[in-house]
Amino acid sequence: MSHAVTSPDFVNNSKKAIADPVLQTALDRMTRGFPVNRRRAVEALPEFDSLRDEAKVIKDHALAHLDLYLEAFEKKVIESGGHVHWCLTPDEARATITRLVRDGGGSLITKGKSMVTEELGLNAHLEKEGFKPLETDLGEYIIQLANEPPSHILGPAIHMPKERIADIFVEHHTPLGFSERKTTPEELVAEARTILREKYFQAKVAITGANFLVAETGSAIIVTNEGNGDLSQTLADTHIVVTGIEKVIPTLEDAATLLRVLARSATGQEMSVYTTLATGPRRPGDTDGPGTFHVVLVDNGRSQLLASPAKEALRCIRCAACLNHCPIYKAVGGHAYGWVYSGPIGAAIDPAYLGLNTARHLPNASTLCGRCEEVCPVRIPLPKIFRYWRTEAFKQGLTPGPERQGVRLWAYFAKRPKLYRLWTRTAARVLAAAGRGKGRLRHVVGFSGWTNMRDLPAPEGKTFFEQWKNRE
Amino acid sequence: MSSRQEILNRVRAAIGPRDEQTARLTVEDRMALRKHNLIPRQGLTAGDERLALFCQKLVANVISCAQVSDNDQVPAAVADYLRSRNLSLGGIILAPHPMLDAIAWEREPHLDLIHDQATAQTQVAVTRADLGIAETGTLVFAAAPENPTSLHFVPEVEITILSAAHIVSNLEASFEYLRARGQSTLPRAVNFVTGPSRTADIELTLTMGAHGPKAVHVIIVG
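Protein sequences, first through last, are from chains A and B. Read in order, the letters of the first sequence correspond to residues 1 to 472 in this note's numbering. Read in order, the letters of the second sequence correspond to residues 1 to 222 in this note's numbering.
Treat the hints as calculated values from the structure; they're not laboratory data. Check before you lean on any hint, since a few could be wrong.
Not everything, but these chain A residues come out facing chain B in the computed CB check (under 8 Å) [said to hold, decoys possible]:
1) Phe-131
2) Gly-139
3) Glu-198
4) Arg-282
Taking lysine-lysine pairs in the PhoX-like style, the calculated list, with each CA pair at most 20 Å apart, reads [to be verified]:
5) A/Lys-15 with A/Lys-330
6) A/Lys-199 with B/Lys-214
7) A/Lys-204 with A/Lys-128
8) A/Lys-56 with A/Lys-132
9) A/Lys-56 with B/Lys-35
10) A/Lys-56 with A/Lys-330
Built from N, CA and C at the ideal position, the CB exists for glycine as well.
Hey, can you work out the whole structure from these sequences and the hints?
Following this line, the structure appears as structure tokens:
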């Protein structure tokens, strides 16, 4: 089943997420774990910030010559015996992949983790066409069984407690002869391993994503910790790489720099366990590896994003550090964003891929605190991009009446300093009096949107301007 | 118009005006010169320091390691490891590499090695690593008839033999080796392995042995 886009309902999604104690426990665990691991890795590498500067420059260079590097990459893939397919729209990509899968034979397809195939709703489409796509990344496997979209780029099932995963396994694995309910992560992982093991050997076609495409060599690089995407592509007869056009980089040396910042930013590892370079099909004498190698290059809004002031978002290497450090993501989780890419990077690219009308709430889901930009390995100025989308939404008249009137009202005061100061002075005095003693306010008339979820800190009675004046 | 042309046109329009000849030369030069970017200090070791760092990083990656002085000691090192983990000495798949075939396996009569394809039931494989990278404690395997890729992913346990002379300092040095090996094109698959398979997909709990080997053991020769 395809997952409906619920981004327009971000506000209600968020309310539900905040009221869900199970989700809150999972989010708490995650947003404690990832940042600590990242910090340790960063502190152990004195050159980390210089590497980030270089990583940014590499991606900017690649994007400024994207057409030339794509052509060079294509040439090398063909030279090494592979095929390249260019797809402008999701429809075209789905049709192309379906044709390649059909040529590959069999119905079972093993899949490595690929956010682009999530973008395409590929599994639903392939099922409709009579195929059985099987996710092999453990997190993706779990959410496929549960028929849910991923809630995080790295840990798609990170929102689920192990008890729920145990229930899902009992439901889906009992017919396969595994009826005993497992309770520990070790037992659950072992059961999934046993079941998926046979499938790698049965599938004739494997689909993976790509972390990087190397123009110089025509290689597709994937990075995993489980070895699932690597197993899939090694044991199938046909390997189809599905990826976005922005993934191409010039050389292996450039890949080295990006790999050095990727794993550290993502999981805090120096290198992920498996980094696999795939270059073309099986060579003479090889006893394994796919006989056919395809790369499907997907545009789906990327060339338009490249033409927009938000183009720096195309530098993204999908490490998820911005999600892991975002106070909004921590509060509402990935599903509230209503589409494949959540968190700050989702708020930056979803408006381009889904249309601003559908995704206009997402760039608003930020306090502009800037932590995402601080941790981004390719220094994407995410808050700047949110401001761009907010401005666009206002210009295009997509924001609702009351919001527009509110901004106009604020602008009226902001342009009249005397009036503005009188207003803030009055508000500061009134709120200080109301919050006297406790230092915080439970209810403020007209501000229930804030106070329903948390207290408002009471001002001390003087405005910033007054305090500044007194200081002198 | 083909989608290929349409995508390229859109990308060119997005990039905006530029000097085409300069752009082409820049791109060609970059791919031909393959300049190194910044290599961190930990990627610039040599000699004993490099070997020490490699071993230290292996341990951090949960890869066990033994060092022997020459090939004649490899059979005993393999048998010792298998016994220490209570694994059978029989039915072990040996990668069909000339260097591995040249080892005097008969020195360990209980070891039973076969050339075969890995199956879902394969317990142990013995392979040869092309390189070790000291910077991160990474093993490099280049696919070839004598080095089947599936042996690095299918068995429960991988024991790999690495010559001490093949330990390089950094990723960049491994690329130079790979390019020299493959002539005009890279080997079909190159696997950089930095530990046994693992996942943290369930409640962020680190769990070993997700889909690939549950244990990786390196025997460094020399």
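These are the hints, each one checked on the structure:
1. Phe-131: Violated - the Cβ of A/Phe-131 stays beyond 8 Å from chain B, reaching only about 21 Å at its closest.
2. Gly-139: Nearest chain B Cβ about 4 Å off; hint holds.
3. Glu-198: Result: holds, 6 Å to nearest chain B Cβ.
4. Arg-282: holds (6 Å)
5. A/Lys-15 with A/Lys-330: holds (13 Å)
6. A/Lys-199 with B/Lys-214: Given pair A/Lys-199, B/Lys-214 holds - Cα atoms ~19 Å apart, limit 20 Å.
7. A/Lys-204 with A/Lys-128: It holds: about 19 Å lies between the C-alpha atoms, which stays within 20 Å.
8. A/Lys-56 with A/Lys-132: violated (39 Å)
9. A/Lys-56 with B/Lys-35: Holds: A/Lys-56 and B/Lys-35 sit about 16 Å apart, inside 20 Å.
10. A/Lys-56 with A/Lys-330: violated (26 Å)
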